[in-house]
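Reading the sequence shown from the start, the letters are residues 17 to 149 in my numbering.
Hints were generated in silico from the structure; no laboratory data involved.
All residues carry an ideal CB built from backbone N, CA and C; glycine is no exception.
Each hint should be verified, as a subset may be incorrect.
Taking lysine-lysine and the DSBU-like style, the derived pairs with C-alpha atoms no more than 30 Å apart in a straight line are [stated by the list, open to error]:
(1) Lys129 - Lys114
(2) Lys123 - Lys147
(3) Lys143 - Lys129
(4) Lys121 - Lys97
For each label pair, taking beta carbons as the anchor points, the in silico distance ranges come out as [as the list claims (entries may be wrong)]:
(5) Lys121 - Gly73: 32 to 40 Å
(6) Asp131 - Leu78: 32 to 40 Å
(7) Leu70 - Met98: 36 to 44 Å
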Amino acid sequence: MRGMRSLKRNQPQTPSRKLTKKELDQFIYAIENTGLEEFTDFIRKPWKMIWPNLIAGITRGLGMLIGATIVIAFISWMLAKMIDLPLIGESLEPYIEKVQSEFDKYKEATNYKNDVARIEGELREIKEVLKNK
17 MRGMRSLKRN QPQTPSRKLT KKELDQFIYA IENTGLEEFT DFIRKPWKMI WPNLIAGITR
77 GLGMLIGATI VIAFISWMLA KMIDLPLIGE SLEPYIEKVQ SEFDKYKEAT NYKNDVARIE
137 GELREIKEVL KNK
C-alpha cells in the first residue's frame, strides 16, 4: 500500500477548481435527466411502483385468459363443424367416443350424491342411538 494515496471514507472529495456557471448548469441538467428524483420517490413510496405493476399484471393475466378462451372456443367450434364432414368425422369418431367415455367415468366417480345420502342416514341413526341412551 506504500505509494498509494490513502482516501478516508465518508469524506467528500473537493474539486480542484470551481465550476463555471455553464458547467454547473450542465451538471444539474445531467443529474435531473438520470431519473434520480423518480428513483428516490419510488424508494420513499413503494406502493407508487407496486400498485401500477399489480394492476398491469392482473390485466395481462385476464387478457391471456380471455384470449385463450376465445381461441379454444373457436377451435372447438371448428372441430364440431368438421365432425359433420364425411371423411374427417369418421376419422375423429373413435377419439370423440374415447373422450366421451372418459368423461362419463369421471362423472360417475365424482358423483357423491349417494354417499351424502348414506352419511345422512348414518348420522340419523347415531342421533337416535344417543337419544335412547
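Against the structure, the hints:
1. Lys129 - Lys114: holds (25 Å)
2. Lys123 - Lys147: violated (38 Å)
3. Lys143 - Lys129: The given pair, whose Cα atoms are some 21 Å apart, holds under the 30 Å limit.
4. Lys121 - Lys97: holds (26 Å)
5. Lys121 - Gly73: 32 to 40 Å: holds (38 Å)
6. Asp131 - Leu78: 32 to 40 Å: Holds, at about 37 Å.
7. Leu70 - Met98: 36 to 44 Å: holds (42 Å)
Comparing the model with each earlier hint shows a violation of hint 2 alone; every other hint is respected.
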